[in-house]
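Engineer: Single-letter residue listing:
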Amino acid sequence: MGLHDKVTDWATDFDHTDEEWAADPYPIWDELRATCPIAHTERYGGVWLPTRAEDVAEIAYDTERFTSRSVVVSKFRPPMELAPQGIAPPISSDPPFHKGARRLLLPAFAPQAVAKYEESTRAYCHELIDAMGDAAVVDAAEGYAQFIPVRVIANMLGLPESDGDRFRGFVHHVLEGVDKSMEERAAGMMELFGYLEEQIEDHRANPRDDLITYLLQSELDGEPVDGFHVARTIGLLLIAGIDTTWSAIGASIWHLAGHGDDLARLVAEPELLPMAIEEFLRAYAPVTMARLVREDMDFKGCPMKADDFVLLSFPAANRDPDAVERPNEVIIDREVNRHSAFGLGIHRCAGSHLARLEMRVALEVWLERFPRFELADPDGVRWSGGQVRGPRELPLRILGS
Amino acid sequence: MRVRVDDDRCEGHGRCYAVAPELFEPDEIGNGVAVGDGTVPAGMERAARLAAENCPEQAVIIEEDA
Chain A
340 MGLHDKVTDW ATDFDHTDEE WAADPYPIWD ELRATCPIAH TERYGGVWLP TRAEDVAEIA
400 YDTERFTSRS VVVSKFRPPM ELAPQGIAPP ISSDPPFHKG ARRLLLPAFA PQAVAKYEES
460 TRAYCHELID AMGDAAVVDA AEGYAQFIPV RVIANMLGLP ESDGDRFRGF VHHVLEGVDK
520 SMEERAAGMM ELFGYLEEQI EDHRANPRDD LITYLLQSEL DGEPVDGFHV ARTIGLLLIA
580 GIDTTWSAIG ASIWHLAGHG DDLARLVAEP ELLPMAIEEF LRAYAPVTMA RLVREDMDFK
640 GCPMKADDFV LLSFPAANRD PDAVERPNEV IIDREVNRHS AFGLGIHRCA GSHLARLEMR
700 VALEVWLERF PRFELADPDG VRWSGGQVRG PRELPLRILG S
Chain B
18 MRVRVDDDRC EGHGRCYAVA PELFEPDEIG NGVAVGDGTV PAGMERAARL AAENCPEQAV
78 IIEEDA
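Sequence lines, in order, name chains A and B. Okay, so the first sequence: first residue is 340 according to the working numbering, each after it adds one. Okay, so the second sequence: first residue is 18 according to the working numbering, each after it adds one.
Hints should not be assumed to be uniformly reliable.
Claimed, not checked - Example chain A residues on the side facing chain B (calculated, C-beta under 8 Å, incomplete):
(1) R442
(2) L445
(3) F448
(4) P450
(5) Q451
(6) D646
(7) S679
(8) L683
(9) R687
The hints are simulated quantities; they were obtained by calculation from the structure and are not laboratory data. Since the model is a prediction, treat every value here as computed from it, not as a measurement. The beta-carbon is built from N, C-alpha and C at its ideal position, and this holds for glycine as well.
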């Protein structure tokens with residue numbers, strides 16, 4: 340069977356890169372949750388898909404039976420020798436190594452630390468909208484959302500802003516090129532890490548006030564962090580910070596384009612925005628992580644084999660009626676919202692505070708400049724599928740106020 | 018009423034100090050900690066409960082009798 344043969348049975352032969360999933364995965368997950376709450380596919384060498392919040396949480400917390408050695412489903416399983424760091428610490432690391440590798444990053448991503456990027460992010464969002472001129476139809480994904488996280492993460496890491504197109508290429512390769520051969524994927528990784536090694540050498544020679552320099556000067560267990568670890572962590576931050584935030588900003592704008600009442604309310608009551616952002620994160624959570632099964636076992640009646648993948652579908656968990664009231668309604672002033680868009684447990688998205696800042700600033704500026712807009716062509720909206728889902732083409736008609 | 022954050026459960030989502038900044042604040046790694054000794058001023062009980070109900074890790078603990 341080819342990887343992209345059309346899916347006809349989601350319970351036994353799902354494919355998270357299928358076009359139907361990309362366009363609208365929620366009915367698929369609702370059906371599975373009710374009929375087969377842990378689905379399976381032979382594709383990608385074997386993958387399981389839990390859709391109940393309770394199962395997703397249990398797997399996220401169980402770092403003994405489920406390893407993070409790979410968090411992106413593909414035909415490829417990273418070699419065991421890379422443990423305990425894995426290919427991109429700390430996301431690919433298990434306890435106990437994970438804790439120190441993560442602790443290294445957290446102070447730089449705490450809310451009080453990321454606040455310093457607010458002003459430059461806001462100015463950049465205005466620049467992007469200025470560049471649209473007075474066009475009647477603009478693309479909020481291609482012309483706005485996609486650029487924001489690239490610029491922010493480049494500034495934070497200390498990479499040249501002019502390399503933005505190259506970063507997006509790397510990200511696309513890692514996250515959306517999952518059907519490539521192992522050789523092709525390895526070649527793409529070599530290109531990414533070749534680039535990062537040049538940048539790291541330059542930072543060693545010319546230290547400055549940025550995250551690459553900070554990591555090069557940090558210690559782990561009393562030793563300087565080694566070059567491999569620094570390169571892999573920087574690669575992770577570059578990859579994890581871009582498609583994800585782009586998707587979250589785009590999905591929020593997409594929702595408002597189709598729900599004029601919510602749009603008008605947010606324009607009139609901007610103080611609701613932080614609460615609305617949490618609801619967009621819940622309802623349109625962009626990120627699905629993965630784990631590998633460590634050893635053959637039975638999990639809730641499912642015969643899981645070592646090195647089977649498990650998709651940790653936080654987006655499906657956020658729509659589980661056993662965990663969330665009226666889960667398929669988007670309620671922008673939902674007061675109780677215990678969503679898991681940024682994951683659960685020890686791998687909670689390290690960049691979540693930066694992502695929230697980017698979402699808030701991107702939406703504040705968008706609403707300030709475009710208080711009225713609608714979908715220019717509902718059929719012209721294209722969503723990425725796979726493990727990071729968001730609008731990649733989002734044509735909007737800007738309306739006069 | 019008094020609030021505290023279970024440090025074994027907290028993973029730094031930051032929902033408590035976003036929902037109830039009068040009662041919680043971030044530490045240097047972004048984990049939530051109760052402001053002062055965690056005593057909830059009169060009128061802030063609802064904010065305390067909302068902080069607990071919004072924590073993805075269920076790490077916010079409310080002591081009703083304290």
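Engineer: Each hint: holds or not?
Structural biologist: Taking the hints in turn, this is what the structure says about them:
For R442 of chain A, the interface hint holds, since its Cβ comes within 8 Å of a Cβ in chain B; the closest pair sits about 7 Å apart. For L445 of chain A, the interface hint holds, since its Cβ comes within 8 Å of a Cβ in chain B; the closest pair sits about 4 Å apart. A hinted interface residue such as F448 of chain A counts as satisfied when its beta carbon comes closer than 8 Å to some beta carbon of chain B; here the least separation is about 7 Å, so the hint holds. Look at P450 of chain A: its Cβ gets to within about 5 Å of chain B, closer than 8 Å, so that hint holds up.
Interface hint at Q451 of chain A: satisfied, since its Cβ lies 6 Å from the closest Cβ of chain B, which is below the 8 Å cut-off. With 8 Å as the threshold, the beta carbon of D646 of chain A stays out of range of chain B, its nearest partner Cβ sitting at about 27 Å, so the hint is violated. The criterion of a C-beta within 8 Å of any C-beta in chain B is met by S679 of chain A, whose closest approach is roughly 5 Å, and the hint holds. For L683 of chain A, the interface hint holds, since its Cβ comes within 8 Å of a Cβ in chain B; the closest pair sits about 6 Å apart.
Hint status for R687 of chain A: holds, given a least beta-carbon distance of 4 Å to chain B, under 8 Å.
In this structure, the one hint that does not hold is number 6.
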